[in-house]
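Undergrad: Chain by chain, the residues run as shown.
Protein chains: 2
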Amino acid sequence: MLIVQKFGGSSVADAARISRVAAIIGEAYRAGNQVVVVLSAQGDTTDDLIAKAREINPKPDKREMDMLLSVGEQISVSLMAMELQKHRIPAVSLCGWQIGLTTTGSHTAGRIETIDTGRILRELESEKVVLIAGFQGIDHAGDITTLGRGGSDTTAVAVAAVLHADRCQIFTDVEGVFTADPRKVPGARLLKSITYDEMLELASSGSQVLHNRSVELAKQYGVVLEVLSSFLQRPGTKVQEATRDVERMIISGVAKDDHIARVTVGRVPDRPGAALKLFQVLSDNSVNVDNICQSASGSGRSDIGFTVAEDDADTARTLLQKARPEVGYEALSVTRDVSKVSIVGAGLLASPGMAVRMFEALTEENINISMISSSEIKLSVVIPKSDADRAVAAIHGKFFGTGERLTLPGTRIRKGERENAGL
Amino acid sequence: MLIVQKFGGSSVADAARISRVAAIIGEAYRAGNQVVVVLSAQGDTTDDLIAKAREINPKPDKREMDMLLSVGEQISVSLMAMELQKHRIPAVSLCGWQIGLTTTGSHTAGRIETIDTGRILRELESEKVVLIAGFQGIDHAGDITTLGRGGSDTTAVAVAAVLHADRCQIFTDVEGVFTADPRKVPGARLLKSITYDEMLELASSGSQVLHNRSVELAKQYGVVLEVLSSFLQRPGTKVQEATRDVERMIISGVAKDDHIARVTVGRVPDRPGAALKLFQVLSDNSVNVDNICQSASGSGRSDIGFTVAEDDADTARTLLQKARPEVGYEALSVTRDVSKVSIVGAGLLASPGMAVRMFEALTEENINISMISSSEIKLSVVIPKSDADRAVAAIHGKFFGTGERLTLPGTRIRKGERENAGL
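Protein chains in written order, with our numbering: chain V, 115 to 537; chain B, 115 to 537.
Keep in mind that the hints were calculated from the coordinates and are not lab data.
It cannot be assumed that every hint is accurate.
Any copy will do: because identical chains look the same in the list, a pair fits if it lies in one copy or spans two.
In silico DSS-like pairs for lysine-lysine, Cα to Cα no more than 27 Å straight-line [unchecked claim]: (1) Lys166 - Lys200; (2) Lys499 - Lys352; (3) Lys306 - Lys333; (4) Lys436 - Lys391; (5) Lys173 - Lys200.
Take the sequences, apply the hints, and build the full model.
TA: Here it is, written out as structure tokens:
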């Protein structure tokens, strides 16, 4: 079997962790598999390099940042090769340019275009573990580029795709994909499998186990991903096309995104092109807009609300203020004290009862909803940031039960009493 | 003018020093020159990386060491580009593989084979300062290689040679090449110029201002080197072919090498091939031998003495013990408590009086000589290590006068008295 494994920065942070990861790689290799490993930079290396750069130049050139930051992954792969060789496992480390990983797009945000499998296949044929520096490639000018956030995941998926790998395992510091953030929601359950689309919606709703670009690429090339822990030896979550699993839950998870801002543009004229102009000016300046919601007032004007990433809030405000004469709106408000809470599930659209249960949970907790938006497989509400954790717990409890009641002895009895009382 | 400048690790150790070096580069650039800069890894970076590697694997693979260590220079050049850009000087950093610097030979000790000037010339034409990561290249398999000790000097010389640069400036933490180590010999004088051969002999005698390979390459391609300080704005020392300088001194310097061991193989049979076998076994195992000296006793056997690098002393002893049955010698001694002191000068062979003056100095100091060897431009003696500093000072005083007497008022008078007395 040809297996691609990816380990993140915290998994290779020091010599002890490198040794543990080498054991996982070694196990796969000794079982007779061909193993290709993609690594991120060690723990704080990238942050340390960024600090070095900023000390010298607060606005460093992006080409030079790529030149600088790409060394992080190069260090990881060479150290891992040494660790494997110590255990008599033949291994070879390769940079992005050594596997002909070319990118398009700008520096610090390259997109993978091609990978030359020649070198990788030669090394696999000579029975070596191939260690590939994630996150990096070269552009057509022969300059080093990086792939931006989640770049090592994307490298792993792309490598798995071009090699037609049998498995693509993404090792992380969590056990897999959960129905909600397990650090905050005690009853959160590990999902055995999830579809690409659900994973995309969960990721864009703040559950950053995998970066969206890697999931999109996996979907595009049909690469089945397995998200699992590098610390525990347990099966994780499979990300793949929908399967006919009779036990599949309609809802696969509850997610929260605190890093948003709500924008309301008040009393926009109901004439063709006004809304278009509004979103065009944002799009032209790379401000992504989500959860658009327009309410016609019948007075010839309507309010248009949407959310943007919190980091883009100020830019959005400035751009919209500039566009005011042309768009002709009357009021503008930008609020940061909101969160987005979403339920995600492939069967959502076919089960209108799901929305009702979500709103029930929020009503019971007396949480006010300021926006609602939905897609085929996601239903999101924008609520006050201070209510967000409570909202996630309540919604999760509605769909999956509450872990607290099952694990705390005192409440278990109470639950039994209630059940006896027919509640 | 096309200028190649090289700065060592201590010159780029931190942000403040990078800033100072950028000022030197900027001055050359703003004066209208095309500037190519070769940099070493920052201060302790290489040592830190070696420590990281050894923590994981005490005997790391050399290919992987090259992969790991080459990041040091990559960090330096990208940071320097950022610093120059801050001062509005356009700059671009390039790795060894990006200038097609191919090497032959083994990992960690590659030798430069070719450099592709295309990319460098394109960047120079677009008026950029070109920053090249020293010490590194790629081999024919496309793997990263390093050039071993002094590799950044060698890179600079090779780049200057292929670009037909007008000047090749090697910036160091010393002012240039001195007649003796200025930290130890107060009267040491800065040389305005020195020939390639003299520089080679000084370097191999322990004055490691420039590594021999870089000087050899400069000699081969006629690249005039200028060794100068990155901390002081002063002319340094030119390394070039012999010039007709009437003021040229016959002796250009006194050097000392403490890191040697003296090997004496006693009573080797005077038969063909015995000495050959002796040196072959050392050469086959990469033990370099210097100052060979054989004294025939007339008894059919003779003693053969030579020096090796201190690090090779144990290896040499083991190899020679193994070879004893075949060579048939009777005694073996390896001593580390010796130093080699040498005088170097292009006119040495033509001036036998020089040797006499050297021996006079040693006799006056009552220093015992255990070996003598000479080449066209060098005369070396092996003496007890504890006498070495005193020997250098005495010999230097004989040839160049003693700085103490010239700078201390008390002694200046005494000197005058002597002169008056006809001494």
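Undergrad: Could you place lysine 306 and lysine 333 in one of the four classes (within, between, both, neither) given a Cα distance threshold of 27 Å?
TA: within (18 Å within a copy, 69 Å between copies)
Undergrad: My question is about lysine 166 and lysine 200: at a cut-off of 27 Å on alpha-carbon distance, are they close within one copy, between copies, both, or neither?
TA: Only across copies: lysine 166 and lysine 200 sit 14 Å apart there, 32 Å inside one copy, limit 27 Å.
Undergrad: Is the C-alpha distance from lysine 436 to lysine 391 at most 27 Å within one copy, between copies, in both cases, or in neither?
TA: Intra 12 Å, inter 88 Å, cutoff 27 Å: intra-copy only.
Undergrad: Cα distance capped at 27 Å. Does lysine 499 pair with lysine 352 within a copy, between copies, both, or neither?
TA: Neither: 31 Å inside a chain and 69 Å across chains, both beyond 27 Å.
Undergrad: Should lysine 173 paired with lysine 200 be assigned to within, between, both, or neither, using CA atoms and 27 Å as the limit?
TA: between (42 Å within a copy, 8 Å between copies)
Of the numbered hints listed earlier, the single one contradicted by the structure is hint 2.
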